[in-house]
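Trainee: Taken in sequence, the protein lines are chains Y and L. By my numbering, the letter at position 182 of the first sequence is numbered 182, and the numbering carries on one by one without gaps. By my numbering, the letter at position 125 of the second sequence is numbered 125, and the numbering carries on one by one without gaps.
Source of the hints: derived by calculation from the structure; they are not laboratory data. It is possible that part of the hints are untrue.
Chain Y regions said to be covered by chain L (calculated; three or more residues, Cβ under 8 angstroms) [what the hints assert, rightly or not]:
1. 89-102
2. 276-289
SDA-like cross-link-like pairs, simulated, lysine to any residue; straight-line CA separation at most 20 angstroms [what the hints assert, rightly or not]:
3. L:96 / Y:9
4. L:127 / Y:12
5. Y:214 / L:108
6. Y:215 / L:127
7. Y:2 / L:74
8. L:104 / Y:8
If you're wondering where the values come from, they're calculated on a predicted model, not measured in any experiment. Where is the CB? At the ideal position from N, CA and C, for every residue including glycine.
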Amino acid sequence: MKNIKEIYRVFVLIFMRDKLNLFFSFFFNAFLMVMLGLFVSDRFNEIGTIGIYDTLDSEFSQQFIYALENEPTIQVKIYKETESLLEDITNGDLVAGVKINPSFDVLKNAAPAPLEEGSHILMYGNSGKDFWLKMLEPGLKMGVLKTNGATQTLLNNITIDTEMVQSRNVDYFKFIFPGVLMFSIMGLAFTGALSLLFFRQADVLKRLKITPLKKYEFLAGFTLSYLVLLLLQAVLYIVIAWLVFDYTFTENFLQIGVLVVSCGLLFIVLGVAIANLAPTVDSGNNIVRFLNFPASFLCGIFIPIEALPKSLQWLAQVHPLTYFADAMRNTANYSATFLENKNNYIILGVLFIIFCLVAVRSFKWEEQSK
Amino acid sequence: MSTPAIQVAHLSKSYGGALVLDDISFEVDQGSIVGLVGPNGAGKTTLLESIEGLRKIQTGNIKVLGKLVSTQYKEIQKEIGIQLQRTSLMGDLTLKETLRLFTKLYRVKNDTKGLLDKVDLTEFANKKVKHLSGGQYQRFNLCLAILNNPKILFLDEPTTGLDPIARKKLWEIIDDLKRQNVTIVITTHYMDEAEVLCDKIIMIYDHKVVANDSPENLIKQLDNEKTITVEGLKDLTSKQQADLATRFKFKYIEDQLFIYTYDIGAALNGFFEWLKQQDKEVDNIAVRSANLEDVFMKYTSTKIDKEGMLL
Numbered sequence: 001m002k003n004i005k006e007i008y009r010v011f012v013l014i015f016m017r018d019k020l021n022l023f024f025s026f027f028f029n030a031f032l033m034v035m036l037g038l039f040v041s042d043r044f045n046e047i048g049t050i051g052i053y054d055t056l057d058s059e060f061s062q063q064f065i066y067a068l069e070n071e072p073t074i075q076v077k078i079y080k081e082t083e084s085l086l087e088d089i090t091n092g093d094l095v096a097g098v099k100i101n102p103s104f105d106v107l108k109n110a111a112p113a114p115l116e117e118g119s120h121i122l123m124y125g126n127s128g129k130d131f132w133l134k135m136l137e138p139g140l141k142m143g144v145l146k147t148n149g150a151t152q153t154l155l156n157n158i159t160i161d162t163e164m165v166q167s168r169n170v171d172y173f174k175f176i177f178p179g180v181l182m183f184s185i186m187g188l189a190f191t192g193a194l195s196l197l198f199f200r201q202a203d204v205l206k207r208l209k210i211t212p213l214k215k216y217e218f219l220a221g222f223t224l225s226y227l228v229l230l231l232l233q234a235v236l237y238i239v240i241a242w243l244v245f246d247y248t249f250t251e252n253f254l255q256i257g258v259l260v261v262s263c264g265l266l267f268i269v270l271g272v273a274i275a276n277l278a279p280t281v282d283s284g285n286n287i288v289r290f291l292n293f294p295a296s297f298l299c300g301i302f303i304p305i306e307a308l309p310k311s312l313q314w315l316a317q318v319h320p321l322t323y324f325a326d327a328m329r330n331t332a333n334y335s336a337t338f339l340e341n342k343n344n345y346i347i348l349g350v351l352f353i354i355f356c357l358v359a360v361r362s363f364k365w366e367e368q369s370k
Numbered sequence: 001m002s003t004p005a006i007q008v009a010h011l012s013k014s015y016g017g018a019l020v021l022d023d024i025s026f027e028v029d030q031g032s033i034v035g036l037v038g039p040n041g042a043g044k045t046t047l048l049e050s051i052e053g054l055r056k057i058q059t060g061n062i063k064v065l066g067k068l069v070s071t072q073y074k075e076i077q078k079e080i081g082i083q084l085q086r087t088s089l090m091g092d093l094t095l096k097e098t099l100r101l102f103t104k105l106y107r108v109k110n111d112t113k114g115l116l117d118k119v120d121l122t123e124f125a126n127k128k129v130k131h132l133s134g135g136q137y138q139r140f141n142l143c144l145a146i147l148n149n150p151k152i153l154f155l156d157e158p159t160t161g162l163d164p165i166a167r168k169k170l171w172e173i174i175d176d177l178k179r180q181n182v183t184i185v186i187t188t189h190y191m192d193e194a195e196v197l198c199d200k201i202i203m204i205y206d207h208k209v210v211a212n213d214s215p216e217n218l219i220k221q222l223d224n225e226k227t228i229t230v231e232g233l234k235d236l237t238s239k240q241q242a243d244l245a246t247r248f249k250f251k252y253i254e255d256q257l258f259i260y261t262y263d264i265g266a267a268l269n270g271f272f273e274w275l276k277q278q279d280k281e282v283d284n285i286a287v288r289s290a291n292l293e294d295v296f297m298k299y300t301s302t303k304i305d306k307e308g309m310l311l
């Protein structure tokens, strides 16, 4: 264990001292993620559609709907029942549903009495569009204000209850974030593993070979160091997503942790296997590039796999990142359980065992084993 | 009589059908310094790394401190120190951090200051390895090789590429280790280094041991010859070299002529006469006693002769 700890410590130190590597591994991807999130995210360029079910159908409620229809950032769709409204939210067609309750009419008074129970409006929120919901609530209140023609004091008397509805659509940042997280973990794991090729070529590993250090101790220490580094990377990304985009994971933290660690482990061992089998640093880099570059558009990171041509979809299934991105998205955005992700875990487990065997068996301290 | 530090018996090795070591046998006494010398590609490093346990033994056997390298390597590993020919360390670690790593791996007490003192690098303890000069780097490598207090130390070309001052400094450290009764096996291209440092020279040529004795005895075997070194003798034809061979025992390498003789006066007179006949000019002529370099040329020239160059 002491040797493992020493090797772990040394590789973390070396990584932390390489400022350029640190920047590109930790901050550059985070910066890109923020830029992409800010510029491509639909919150800035999409007109949200809200569904309205008017249970009251009064003159005042019709005037309120008319006021909402005249809002430039909102499209209104009228519903005659709650069920179809909820169904469209679930399908992702609506950012929210608004149910005008019978008590709504009291808001036509300049100073309505507070409600003893219930609310004037019940809002069904699309769980994937929480940014919209934050804007919508004040928007609805302003709509009432415009209809009533009353003063600001009415605002405090308007009550809106919100119920969240699990929907199948998420905003673009929510879609890309789990994939970008996995993609970045893969990148860092490969970067680390490829450093082995350099250390081997420079005879650094040969110098370690002549010490009492065992092969498994070295590999364990090395893997541990990059595992810790990529955990730090994951935390950094999650914090940035939370601070900039108000992105929060579901409460399923255990599975998110398991996914981050297993993604890191799998790509570290795959990287080590590549580093063992590639004859030069250049060829190792090229193999990694071959895995890295197509992953960004093939594995459902930035583009949903379903949106790819059929001929490319099967290719996505070959890349392990597809399964990690899918499992992470299901977990982070839809609270999928371990059992619901079991297909992903089975495929990834098999791949891990294969890569692990190749990495350990093909490991060599020197370029040429003589 | 104590067990020899190293016993190599009938060691042969080949890579892809090419013979690299051909029936090598020798012994090294404890506490001695032995120099493995030979031209590039002779098999010195392969021999050294076979003894160190880094290369598989194909034929023959090697014992280090009485233990078989092929089966008892783990026990031997703790007793030996190795400085590889082409070693890179992790350049971003400081000397102190590198020492910490290696002392932990060897499970020895971490006395950074004491270790760096030995190689005169104490003031660089917090400097990154990549910022060391060539001489400092080699001394630091030596420091790593001795941190487990080895009984046998293997140094593969430790002074290659160093300036004379750095070489001398390293010699002092090696000499110091010898006084502590450490057995040292050193490979080198520098014959002066081998002559000064080593108690015994094992000369490898064409993958075989061609000489194995003390430097003094090897030089004596040249029959106390003197060497006349002639520099700047350009473009000697085969005919001219054949003519010279009728008059002297010599070797001609890259515009340099080495004449081996007992009678300096007669040899010089004869050479000047020959120069006049051939209408040739030279840059410099020097006379010196025979040394290990001459021994080296004597043994290596045997083969060169067979390949068509004149003796």
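Trainee: Run every hint past the structure and note whether it holds.
Mentor: Verification of the hints:
Counting residues of the region 89-102 of chain Y whose beta carbon lies closer than 8 angstroms to any beta carbon of chain L gives 0, which falls short of the minimum of three for the stated coverage. Counting residues of the region 276-289 of chain Y whose CB lies closer than 8 angstroms to any CB of chain L gives 0, which falls below the minimum of 3, so the coverage claim is violated. The straight-line distance between the Cα atoms of residue 96 (chain L) and residue 9 (chain Y) is roughly 14 angstroms, inside the 20 angstroms bound, and the hint therefore holds. The straight-line distance between the Cα atoms of residue 127 (chain L) and residue 12 (chain Y) is roughly 18 angstroms, inside the 20 angstroms bound, and the hint therefore holds.
Distance restraint check for residue 214 (chain Y) and residue 108 (chain L): the Cα-Cα separation of roughly 17 angstroms lies within the 20 angstroms cut-off, and the hinted pair is therefore satisfied. With a C-alpha separation of about 29 angstroms, the suggested pairing of residue 215 (chain Y) with residue 127 (chain L) is violated against the 20 angstroms cut-off. Of the supplied pair hints, the one linking residue 2 (chain Y) and residue 74 (chain L) holds, its CA atoms being roughly 18 angstroms apart against a limit of 20 angstroms. Using a Cα cut-off of 20 angstroms, the hinted pair residue 104 (chain L) and residue 8 (chain Y) holds, with the two alpha carbons roughly 13 angstroms apart.
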